[in-house]
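Whole structure, please, built from the sequences with the hints as guidance.
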Amino acid sequence: MADSPSQEQPTLFDPHTSVSTNDSLTLKRKFQWQYVALNILIVFFFGLLLFLLYGIVSPFFVTKEIKNVLPVLSKTVQVDILNASGVSGIGMKLTRQLRTRGVDVIDVGNFSTETNESFIIDRLGSRRDAVIFSRIVGIDSNKIIQQISRDYLVNLSLVVGKDYQKYFTNNLKEYD
Numbered sequence: 119m120a121d122s123p124s125q126e127q128p129t130l131f132d133p134h135t136s137v138s139t140n141d142s143l144t145l146k147r148k149f150q151w152q153y154v155a156l157n158i159l160i161v162f163f164f165g166l167l168l169f170l171l172y173g174i175v176s177p178f179f180v181t182k183e184i185k186n187v188l189p190v191l192s193k194t195v196q197v198d199i200l201n202a203s204g205v206s207g208i209g210m211k212l213t214r215q216l217r218t219r220g221v222d223v224i225d226v227g228n229f230s231t232e233t234n235e236s237f238i239i240d241r242l243g244s245r246r247d248a249v250i251f252s253r254i255v256g257i258d259s260n261k262i263i264q265q266i267s268r269d270y271l272v273n274l275s276l277v278v279g280k281d282y283q284k285y286f287t288n289n290l291k292e293y294d
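Each residue of the sequence shown is one higher than the last, beginning at 119 in our numbering.
No lab work stands behind these hints: they were computed from the structure. For each residue, glycine too, the CB sits at the ideal point set by N, CA and C. Among the hints, a few may not be true.
The list that follows gives simulated cross-link-like pairs (lysine to any residue, SDA-like), each with its CA atoms no further than 20 Å apart [unchecked claim]: (1) Lys280 to Ile254; (2) Lys261 to Gln283; (3) Lys261 to Gly243; (4) Lys284 to Arg219; (5) Lys280 to Ser259; (6) Lys280 to Leu200; (7) Lys284 to Asn260; (8) Lys261 to Phe229; (9) Lys280 to Ile208; (10) Lys261 to Arg246; (11) Lys284 to Met210; (12) Lys261 to Val249; (13) Lys284 to Arg214; (14) Lys261 to Asp281; (15) Lys280 to Val226; (16) Lys280 to Gly256; (17) Lys280 to Asn234; (18) Lys284 to Leu200; (19) Lys261 to Lys280; (20) Lys261 to Gln196; (21) Lys261 to Ser230; (22) Lys284 to Ser206; (23) Lys280 to Thr233; (24) Lys280 to Asn260; (25) Lys261 to Phe286; (26) Lys280 to Phe229; (27) Lys261 to Thr231; (28) Lys284 to Ser259; (29) Lys280 to Ile263; (30) Lys284 to Arg253; (31) Lys280 to Ile262; (32) Lys261 to Asn234; (33) Lys261 to Tyr285; (34) Lys261 to Val272; (35) Lys280 to Asn228; (36) Lys261 to Ile250; (37) Lys284 to Ser252.
Computed Cβ-Cβ distance ranges for the label pairs, DEER-style [stated by the list, open to error]: (38) Arg245 to Ser176: 35 to 43 Å; (39) Gly204 to Gly256: 14 to 22 Å; (40) Arg253 to Gly227: 20 to 28 Å.
Laid out in structure tokens, this is it:
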């Protein structure tokens with residue numbers, strides 16, 4: 119038996135049907151929660167979009183010019199300074215200066231002979247630490263020699279020659 123047109127079920131959005139006030143409030147609440155959820159999603163995705171755009175655009179505006187940053191020596195590297203310049207007191211001044219740069223200077227002494235050029239002696243065979251130390255001091259890495267001996271307590275020795283003014287005169291007066 120087919121339903122007659124007069125007995126059709128009313129649809130929710132049919133303007134010709136009447137909906138009770140209680141049903142109307144329920145529909146409004148459902149739609150309100152849907153809009154709230156939709157707005158929350160929109161705000162979330164907008165925030166996500168801003169975050170991603172910031173990640174893409176920020177490298178162009180942030181300057182990363184760190185030119186004079188020196189590499190750091192291993193914490194276990196210990197250095198001694200041997201004065202071969204013939205000028206008394208240079209070893210102690212350099213010790214103070216290098217300690218302010220984070221170098222662990224454990225001994226200061228005199229080299230057996232005077233030399234014209236400063237150089238670094240690698241005592242334990244750690245070329246990497248010797249090269250880093252040469253950068254900190256300002257001595258060319260080709261002035262690193264290896265004299266490996268397990269009898270020494272230090273990793274590196276800085277032999278300060280008569281050319282010490284090329285490397286260390288910038289602020290030596292501060293360390294008197």
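Numbers of unmet hints, in rising order:
Per hint list: zero violations.
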